[in-house]
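Line order of the protein sequences matches chains V and A. Using the working numbering, the final residue of the first sequence is 330, and nothing's skipped along the way. Using the working numbering, the final residue of the second sequence is 673, and nothing's skipped along the way.
Careful, some of the hints might be misleading.
[As the list claims (entries may be wrong)] Here are some, though not all, of the chain A residues that point toward chain V, as calculated from beta-carbon distances under 8 Å:
hint: 1; residue: I470
hint: 2; residue: I484
hint: 3; residue: L637
No lab work stands behind these hints, which were simulated from the structure alone. It should be emphasised that the depicted structure is a prediction, and the values quoted were computed from it without experimental measurement. Backbone N, C-alpha and C define an ideal beta-carbon position, used for all residues, glycine too.
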Amino acid sequence: MAATRDSALTRAFDNDWIGPGLVSLIAVVAISLAQPAFLSSFNIFVLMSAISVNMVIALGQLVIIGLGQMNLALGSIGGLVAISFAGVIERYGVPVPLALAFALGIGIAAGMSGGYIIARTMISAFIITLAGLQIFKGINLGITEAQPFYGVPEAVKAFGQASVIGPLPWLMVPMMVCSVAMWYLFNRMRIGRHILAMGSNPQAAELSGIDPKATIIWAHGISGLLAAIAGLMLVARLQIGQPTIGDDWLISSFAAPVIGGAVLTGGRVSVAGTFFGVVIIAIITQGLVMFNIDPFVVQIVLGALILWAVAVNRLREVRIARVQARGAGA
Amino acid sequence: MAHAGADRPIPPGSAPRRMSSGMRLLLGNEFGLAVLILLTVAIFALTLDGFTSPFSIYTIGRQIGIDTMIGLAMMAVIVTGGLDLSVGAIGVCSAMFFGWLMQVMGVPVLVAVPLAVLFGAGLGFVNGFTVVMSGVHSFIITLASMSIFFGVMIFLTRAAAFNGLPPQVQAFGKMRVLQGISPLLLIAVAVCAALVVFYRYSTLGRQMLAAGANARAAELSGIRTGRVIVACHMLTGLLAAIAGLMVTARTGAAVPSMAGQLGQDWLLPAFLAPVLGGTLLSGGRVSVIGTLLGATFINIMTSGLLLMRVGEFWILAFLGVMLLIAVLADRTRQIFLTSRGMI
């Protein structure tokens with residue numbers, strides 16, 4: 001009986017990324033058949049750069065989704081980090097490695113301070129991160145007065161434009177490092193398991209000796225770090241410290257994990273699924289551009305994709321519950 | 331906490347220790363906020379030049395009216411423990427629909443207003459229906475719908491504003507009643523009064539509070555919670571549409587960017603006013619008057635800071651800090667009251 005339940009569950013869990021993976025594959029084939037320019041090396045370069053940045057953003061939200069919470073401040077942390085990095089270089093001539101450390105430190109601190117307030121007061125993460133969104137965005141605009149910093153060093157600019165081999169951009173490297181690290185965190189590390197345990201059942205997690213406060217603070221710290229990395233990647237890609245970085249992260253940061261099978265009540269995430277979620281969004285966005293379809297349609301498609309993914313996840317949940325019930329009855 | 335509702339009578343015997351109504355008033359958010367508002371007004375009036383000028387009072391009042399409507403729109407759905415990220419999108423879409431009706435279809439203003447408000451309620455219905463049918467939390471549904479509503483609106487309007495509205499619209503936005511009061515503020519106050527009566531005396535309003543306090547108990551006592559939740563979302567859409575029309579009247583045009591990208595700029599005022607006013611995010615307790623006072627406090631602080639030449643960008647950060655302080659103060663007060671056995 002226990003065996004049936006386990007195998008049914010693990011099978012479903014393994015399958016999290018198969019659906020979105022197949023969809024991405026079909027989309028690539030279909031679009032490149034209709035429009036061969038889709039597979040041109042320039043286009044692949046652009047596509048992979050977008051995927052790289054968006055994957056890191058999605059991972060930043062994924063940690064918090066695993067915890068069963070949400071982080072509305074993700075984009076504003078990314079934006080604050082981006083302008084801080086470009087700002088200290090332009091204004092104070094700080095060397096790049098030092099500026100990097102400073103910027104990443106801001107991301108971690110911003111995430112952890114939010115996490116600390118949530119853990120300490122147990123007020124809903126939604127409202128605390130909404131306040132965080134406003135505070136970080138306000139500081140960002142207060143410092144920059146909505147003007148970008150242009151003094152980004154050549155090395156950083158080159159990083160955002162250069163390719164490793166062929167059409168694969170250097171930006172893929174931080175993305176792959178972050179993805180593998182997050183997969184390792186969720187599957188092999190204690191803190192990752194604690195996050196998922198908290199997400200699926202906070203009471204049970206606490207009773208089994210997990211420190212809920214530390215887990216929440218850690219998760220938000222990691223989320224802040226990932227937001228910071230994504231913000232820095234965007235500085236490299238855009239070549240300037242743009243204050244509007246992060247403004248449009250909200251929808252896509254939730255869309256990709258949800259398409260990848262993450263359950264928003266927490267406890268269940270898939271790094272590979274999220275990756276294919278990001279790929280699907282990127283392909284559709286790029287495809288709409290290639291076929292000269294109004295870019296405004298992207299917004300509608302993103303919303304529809306979220307609803308579609310939610311419906312699919314819901315159906316799967318029902319099916320898993322049915323399999324489980326059958327297993328328990330046998 | 332069904333018995334904690336400030337806007338309706340406490341059922342006898344449900345509180346551990348009955349408080350006198352005077353005591354309840356003193357401990358309520360509304361009273362604290364009112365004192366705070368009087369204090370800040372007094373300080374600003376004495377220290378800042380121009381704070382009490384007729385023009386300043388007029389513009390503050392007008393903005394209070396708009397922010398109150400935005401706050402009430404969110405409050406109507408927080409009642410059931412849900413939320414609606416798409417309030418801004420609904421507000422803008424209704425405003426654009428309003429502009430389209432008049433400028434393109436030539437519909438007279440007095441017909442266009444109710445149609446646009448109903449349109450907002452319709453968008454709210456879409457949200458509520460999807461939330462109830464899917465059983466998924468309103469956060470993710472309204473996240474998707476904010477993207478869809480806004481995307482469809484931008485697609486249809488090509489992101490262009492409706493500038494050629496009938497002159498009555500702008501005249502209404504610029505009108506002054508009794509020398510210094512904007513009709514927009516009067517509308518907000520009237521809507522507040524209607525909502526107080528609605529939540530206290532109407533069956534549907536009381537069902538909304540009951541469903542928010544304890545959905546299962548409400549269901550068992552014969553309330554069809556699904557329908558009630560759909561009604562909450564419709565009320566949210568309706569109020570958001572009114573807020574959108576008010577902004578249109580103030581600007582004199584229906585502008586797609588009036589609530590920022592995807593209508594996100596409305597999110598902070600939408601939560602700040604009700605939370606300052608003592609609406610519980612977990613549902614079951616609303617404070618209509620508190621929301622009005624919350625919006626008042628925000629705008630008095632904002633215009634005071636602007637007069638002190640604090641940059642408008644720093645005020646954004648300040649509003650975020652204020653939201654934090656509001657929720658922290660609320661939590662502390664709850665702990666204090668619980669420890670004294672007062673709730």
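* Asked: Does A:I484 meet its interface restraint, that is, does its C-beta lie within less than 8 Å of any C-beta in chain V?
  -> Because about 5 Å separates A:I484 from the closest Cβ in chain V, which is inside the 8 Å limit, the hint holds.
* Does A:L637 pass the interface check with chain V, least Cβ-Cβ distance below 8 Å? -> violated (18 Å)
* Classify the hint on A:I470 as holds or violated, based on whether any CB of chain V lies nearer than 8 Å to its CB. => holds (5 Å)
Figure legend: structure checked against the earlier numbered hints; the only hint not met is number 3.
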